[in-house]
Each structure stands twice: as C-alpha cells, then as structure tokens.
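2 protein chains.
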Amino acid sequence: MRPLPNTADGNRPGKRAILAQAFAQELAGAASRVEAALETLLPRESDTAIAAAMRYAVLGPGKRMRAFLTLATSALFAVPQAQAVRAAAAIECLHAYSLIHDDLPCMDDDDLRRGRPTVHVLWDEATAVLAGDALQTLAFGILADPATHPEGAVRAALCAGLARASGAGGMVGGQALDIAAETAATPLSLDEITRLQALKTGALIAFAAEAGGILGLAGTMARRALLGYAQALGLAFQIQDDILDIEGDADAAGKRLRKDDAAGKATFVSLLGLEAARRQAQETVAEAVGWLDAFGAAADPLRRLARFTVERQR
Amino acid sequence: MRPLPNTADGNRPGKRAILAQAFAQELAGAASRVEAALETLLPRESDTAIAAAMRYAVLGPGKRMRAFLTLATSALFAVPQAQAVRAAAAIECLHAYSLIHDDLPCMDDDDLRRGRPTVHVLWDEATAVLAGDALQTLAFGILADPATHPEGAVRAALCAGLARASGAGGMVGGQALDIAAETAATPLSLDEITRLQALKTGALIAFAAEAGGILGLAGTMARRALLGYAQALGLAFQIQDDILDIEGDADAAGKRLRKDDAAGKATFVSLLGLEAARRQAQETVAEAVGWLDAFGAAADPLRRLARFTVERQR
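Protein sequence lines correspond, in order, to chains A and B.
Be aware that the first sequence starts at 1, since it is given in our numbering, and climbs by one per residue.
Be aware that the second sequence starts at 1, since it is given in our numbering, and climbs by one per residue.
Wrong hints could be hidden among the right ones.
Given that identical chains are not distinguished, each listed pair holds provided it fits within a single copy or across any two copies.
[Stated by the list, open to error] Straight-line C-alpha distance at most 25 Å; calculated DMTMM-like pairs for lysine to aspartate or glutamate:
no.	residue 1	residue 2
1	LYS63	GLU287
2	LYS63	ASP178
3	LYS265	ASP47
4	LYS15	GLU311
Worth flagging that the hints you see were computed from the coordinates, not collected in a lab.
Fair warning: this is a prediction, and the values are worked out from it, not measured in the lab.
Isolated chain A, as found in the complex:
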C-alpha cells in the first residue's frame, strides 16, 4: 500500500482516511477481476462499431459497486469465484446498457458520463441504441451459460431474477417514472421519489446482492437478509447521489452536477434539506448493516461497502 499523503491541514491521515483507502483498494481488486472476465465475454473491438461501443461503455471507469456486491454475497456461501465473477460481469453489462440508453438525447440527454463522452456522442444514436440492446442480451446470455453454474435451475433463476429487476416492473419502470416526473405539474413527494429510486436503481442493486444467494443455494432467511440489506443500501446510495449532486465536485464526479436542481426536479435533498438527507443516509446505512448480523464477520466487506456508499465523494 502506498503511504497516504498528509491531509490539507498538515496532519497525518486519520483512521477514517486509512480505512477509506483500504476499501478503495478492495473495491478496485473486485473491479479488476470482473473487468478481466468482461474483456473476454464482450465481442472483439474490431468486430463492429457496436462491439467497440459495447466495450467502451462496459470497460470504462466505474465504481463496480454492483459487481462488488455479487462477489461479496457469493463469498458468504463459498461460491467458486469464477461463477461469481461471471454473474457480476452480467450485471455490469445490464447496468452499462441502462446508462447508454438513459444518456440518449430522447431520455436524459447527457453528453458526459464518468468523465468521458457518452456513446451517442462518440458514435451516434443508432449505435448507442443497438450497443445497449446487445449489452442487455449479453447479460442474459452470460447468466444462461453453463459456465456460470452447473445447475440449470440456478442459471434460470439468475435469468428470472435479472428480468424481474430490469423490466417494466423494475429498472425500466423507474426510468419511465423519472421521465414522467420531468413534465409533471407538481414535483414528486418523498414517498414517490423513494418508490422511483427503488425501481430505477434499487432493483438491480438488490439483484446484485441476491445473485450471490442464488449461486450459493442460500436458504430463504439468508436471501431475505441480503435483500433487506441491499434495498437499504440502494436507498442510501441514491440519497448520497443527491447530496453529491448538490455539493459535489463535477471533475471528481465526471458528469454535470446540479442538473436536477436546475430542472426543478424533486430529490432527497430538495425534499428533506441537506442536513436531514445526510442523517437519513446514515440511518439507512445503519439499517442495511443491521440485516447482516446473522452472517458474522464474513459479511465485513458488505459492511464496508455500506459505509463507503455514504462516505464516497463521487
């Protein structure tokens, strides 16, 4: 580990900064294992523009929080790492597809994502639509492949779970609510925005956690605990996103900030205020961690992820 730089006030870094750097390295380690798998699962760069756009979107910088979740929950049930890494790679493909389509001019119309031009800016809209489409297909293809798990029922359960999380009753349903909110006469209420985010980002985060339980043939109680953890985690993640949108640094975030604020869109911060939103995020993380008691020390990576979720600066 590289020595930590001194902090701005000249003091040696505190315990919190040391833990944050250690977790950043843990996260990066999981990311690099999943990215190595994605390198071979994605079509070759030279095949077509679609293939190049798919690789650009999936292999670009990213926290890989969903992938980390799948690896960490898989580890609770001693799932072979090769299986966990494939499931994590599939979820990253699904997530990347949703980002490409969300960034389209007819949707959120974003030209910057993680500090780089979005796919439709670098290629064109047709390539962005098709690269997203093919990434969704690839996600299911990876999960359905016998290399992901020897038991067909497990592979099918992974496909069914990903479909539930991603479709009209999950992620796509949440994105539809989000777009509808932009033209609605009144801003969303706290209940409405909580439901929107539970669908738009929460459902896939929850599936990323459940995937470890599915691969590991976990019992009902364990799967219920993982789901409770992940639902709270997803909510905390979204509250922190809204906080960073207000007080964050656009360079660190790699995207335009204060866009929601400028558009008059309701966010957790606009509804609760900054201080109450911060408190809510902390309480939600505590709730997430509370679900992990039954797993003992084996769930420490999931506890660290929960804390990271609200301490991150981007």
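For this one, chain A is given, so just place chain B on it according to the hints.
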C-alpha cells in the same frame, strides 16, 4: 369455413387458393393462442405509458410466423401446448422489441408498421426505447419462468439460445450491418446481403424453430434438421420480402414500399432481378422442405408454412 369468393376472372377458386385460405386459418389459430397468452404475460395497459406501448406493439396485427414455428416444431416432440405457447410468446416479445427499435428516427425512421403508426409516433422516442427495452427483458423473463418448462436446464438453454440469436452476433449484429450499408460507398454483394439477413432476421427465425426442439429434448440430428429448415425458411422469407417491396401493395403490406429501392439499397431483387429472385425463393423453400423428411407427415404444418412464405402477398 366461409365460401371463397370467385376469383377476378370469374372462375371458381382453384386448389391453390383453397389451400392458402386453409393455411391462413391455421396461422390465425396459432396466433390467437399465443396472443391469449401474451394478454396475461404483458403488464396491464393502465400501469404506465410503457406498458401501454408494449401491449400496442406486441398485440397489434402480425403474421406470427415465429410463434407458428415454435408451436409447430414443439408439436413434433409432443411438447405440452402451454409450454410451447409461452416460448412462442417470448419470441414474439423479442421480435416486437426489435421492430420498435428498428423504426426509431435514428434507425430506419419508419412512421408506419403493419398499417398503424409506430410506437415513437404514437407516444414518443423515450417511450419507444423503454418499451423495446422492457419487451426484451420480458422475453427472457418468460423463458426463465418455471411455468415454461419444469427442467431448469431447458429454461436456461432457451435463454441461452435466445441470447445467441438476438445479440451482437445475431439480430443486433445484422441491424448494425444494415445501417452501415446505408452509408457505404458501394452496395452490398449477394454474399454480404445473404449474411446480413441471416443475422438480422434469420437468427431469430432459426431460434423460433429450435425452441420446439429444446422444449422437446430433441436429439442432435432432429435439432440439426430443424435448424437447416429454419435457415432456408428465413432466407426464402427475406427474398419474398424484397419481391413484395417491389411489386407489393402498400395497403396490403401496411408499410411504405419501394423504400430500399429509393434509397439505392441492395436487395435480392436488385442483385438478382425479379425473375431470378422468384426462382431463388422457390428453390430455397424446396431446400427448407427437404430438411423435414425425417419427421414424416407430422411436419406438414412446417411444409405449409414454407410454401406460405413465398406465396404470401404481405
């Protein structure tokens, strides 16, 4: 059966017309079984605009050739009809998604499909992208559901097969080649257009036939025969599409015709000429039917479908 009207020249209808009407009824019967399943598999109309758009796209008029293929190949192996209908419904969802996205302004920019306004015209582009996305998800969700087959390995094989047919190495890859061809300096050659169509429409048609074999745990030889049949069928279907684009009736087709011709795009007709294209379609159908010998009379519906493919007027 309603009595057939006299033909234009005043004669009583011939054997060919009687057979054609009988097959049209057979096709409509299969379509209504699959549509009844889709009614309950699709989200409720009232849920969201996305749900309404999904239903509009899937439940609109259509030949349901892919659904017929799945039902007819399933019947060869005594697959319970409820299972075959679910697999057929999934494939129709996947097909409908591809049509919604292909019609988008950034792709083929079509405002009419099967005689009705396209989804992005009736709603908007964002709804069209999301409805297509959610239909792809739903297709995999249906196949992965235990109601489709009691064996997990069969459900996973269906998901894997659909992913192979639909992704960057199949349907989406073909659409990408098609879009690239529009701006290419030289029109495609016969080999190139054959490959393009094998990906763009052939791969999903082939999977629709294979699905019956997968559900029915068919042996390797039988599955190879179904694949050979379906690949030839898909090619014949596309040649006939190109013929109808030149000599068809826009009202009957329910879409703009002669668009490829106007755009200077290579088609089987532009490359072969009309007469040779007709011959090629007939020969390809004969090749398709040749693969069915081992199945005996049980494959008669598939033989009728092959003839219909090149005799249809829309």
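Now for the hints, and whether the structure bears them out:
1. LYS63 x GLU287: within (22 Å within a copy, 53 Å between copies)
2. LYS63 x ASP178: within (23 Å within a copy, 35 Å between copies)
3. LYS265 x ASP47: Only across copies: LYS265 and ASP47 sit 22 Å apart there, 41 Å inside one copy, limit 25 Å.
4. LYS15 x GLU311: within (14 Å within a copy, 77 Å between copies)
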